[in-house]
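Student: In case you want the letters, here they are:
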Amino acid sequence: MNLVINGKETNITAGLTVNQLLAQENVQMPDMVSVELNGQILKRTKFDQTILKDDDKVEFLYFMGGGSVSN
Amino acid sequence: MSLTEKQIERYSRHIILEQVGGKGQEKLLRSKVLIIGAGGLGAPAGLYLAAAGVGTIGIVDCDKVDLTNLQRQIIHHTSDVGVEKIKSAENKMRAINPDITVQTYQTRVDAKNISDIIRKYDFVIDGTDNFPAKFLINDACYFEKIPFSHAGILRFHGQLITVLPGETTCYRCIFSAPPPANAVPSCSQAGVLGVLAGVIGSLQATEAIKYLLGLGKLLTGTLLTYDALEMNFRAVKLNRNPNCPLCGGKPKITELKDEEQVVCDLKNCKC
Ligand SMILES: [Zn+2]
Numbered sequence: 001m002n003l004v005i006n007g008k009e010t011n012i013t014a015g016l017t018v019n020q021l022l023a024q025e026n027v028q029m030p031d032m033v034s035v036e037l038n039g040q041i042l043k044r045t046k047f048d049q050t051i052l053k054d055d056d057k058v059e060f061l062y063f064m065g066g067g068s069v070s071n
Numbered sequence: 072m073s074l075t076e077k078q079i080e081r082y083s084r085h086i087i088l089e090q091v092g093g094k095g096q097e098k099l100l101r102s103k104v105l106i107i108g109a110g111g112l113g114a115p116a117g118l119y120l121a122a123a124g125v126g127t128i129g130i131v132d133c134d135k136v137d138l139t140n141l142q143r144q145i146i147h148h149t150s151d152v153g154v155e156k157i158k159s160a161e162n163k164m165r166a167i168n169p170d171i172t173v174q175t176y177q178t179r180v181d182a183k184n185i186s187d188i189i190r191k192y193d194f195v196i197d198g199t200d201n202f203p204a205k206f207l208i209n210d211a212c213y214f215e216k217i218p219f220s221h222a223g224i225l226r227f228h229g230q231l232i233t234v235l236p237g238e239t240t241c242y243r244c245i246f247s248a249p250p251p252a253n254a255v256p257s258c259s260q261a262g263v264l265g266v267l268a269g270v271i272g273s274l275q276a277t278e279a280i281k282y283l284l285g286l287g288k289l290l291t292g293t294l295l296t297y298d299a300l301e302m303n304f305r306a307v308k309l310n311r312n313p314n315c316p317l318c319g320g321k322p323k324i325t326e327l328k329d330e331e332q333v334v335c336d337l338k339n340c341k342c
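Sequences listed follow chains A and B, in order.
The first sequence maps to residues 1 to 71 in my numbering.
The second sequence maps to residues 72 to 342 in my numbering.
FYI, nobody ran anything at the bench for these hints, they're computed from the structure.
Heads up, a few of these hints could be off.
Claimed, not checked - Okay, the calculated bits of chain B under chain A, using three or more residues with CB under 8 Å as the criterion: (1) 125-132; (2) 200-210; (3) 309-319.
As the list claims (entries may be wrong) - Partial list, computed: chain A residues near chain B (C-beta under 10 Å): (4) G7; (5) M29; (6) D31; (7) R44.
Keep in mind the model is a prediction, meaning the values are calculated, not measured.
Cβ atoms here follow ideal geometry from the backbone N, Cα and C, with glycine treated the same way.
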């Protein structure tokens, strides 16, 4: 099935949860990512239960600091 | 207040813009912008706002200029190494434009001092390098109802969003709390292309000027992300989060509180 991840059409296996998608997309530090699903920020506690559907729009949003380091 | 001959000449490229004009320039000269952090993001923002004739510019920082800063913090020069950043920044801004007043705050913002500092300003630029400060600025600006520009940069990426507190998506709508300690890359793992700070800090200054002059469409409800390697900007629409712990329907945060610093302690970390 097709998802739009950060604006890019991506083909993924059906039935993945948000957590599984984060793993599959090689998101290195999932704790540093906030996820928006179809225009709504998804609670972190729901990453495990939320199963992605065809045509879902997913945004991975990353924490970023300011200077040389994201501290 | 009316513009002097010299000011009409100095700001002629602003004044000639239909959307700015003499009135707009006078407005800028009466405006007050606070820059928190005289580092990578604060450097270009400070220089451009000074050049633009923003009449009062506040700058907050507690650090001294370090050699590792010079790769991106263009407001500081080699001869400034060891000098207080606020002093170094003030000197450059005043050198560019003696018209303006620079207010310096040799401190780190915390829950106790931030409200008194930001209250005097029309707009705040978050140029800080750490998450506790970013959350604190978001929260304090919410309680004081002061619009601000949030930004971050990392490696080849940058992002920013403008927040009109209580009206548009805030930082906590997107990230409810700072990331856990073990999730944050350590000092040695991360880096940043210096010019990223220039790109993103300049965009923050643009938002400040647009807000002050009521021009165009602000970057609210939208996170602008920049990927320097792909040379790609994306505007990501972000609605307000009804579960936001700060500006949502049932707020959990009702007063200012310092967030824990979650990564390497700042003393050993030149940011
Ligand atoms: Zn919010």
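Student: Evaluate each hint against the coordinates.
Tutor: Status of the hints after comparison with the structure:
Counting residues of the stretch 125-132 of chain B whose C-beta lies closer than 8 Å to any C-beta of chain A gives 0; at least three are required, and the coverage claim is violated. Chain A is given as covering the stretch 200-210 of chain B, and this holds because 4 residues of the stretch bring a CB closer than 8 Å to a CB of that chain, at least three being needed. Residues of the stretch 309-319 of chain B lying with their CB closer than 8 Å to a CB of chain A number 4, which satisfies the three-residue condition for coverage. Interface hint status for A:G7: upheld, as the beta-carbon distance to the closest one in chain B is roughly 6 Å, under 10 Å.
For the restraint placing A:M29 at the interface with chain B, the shortest Cβ-Cβ distance is roughly 5 Å, inside the 10 Å limit, so the hint holds. Using the Cβ-Cβ criterion of 10 Å, the hint placing A:D31 at the interface with chain B is satisfied: the shortest such distance is roughly 3 Å. Interface hint at A:R44: satisfied, since its Cβ lies 8 Å from the closest Cβ of chain B, which is below the 10 Å cut-off.
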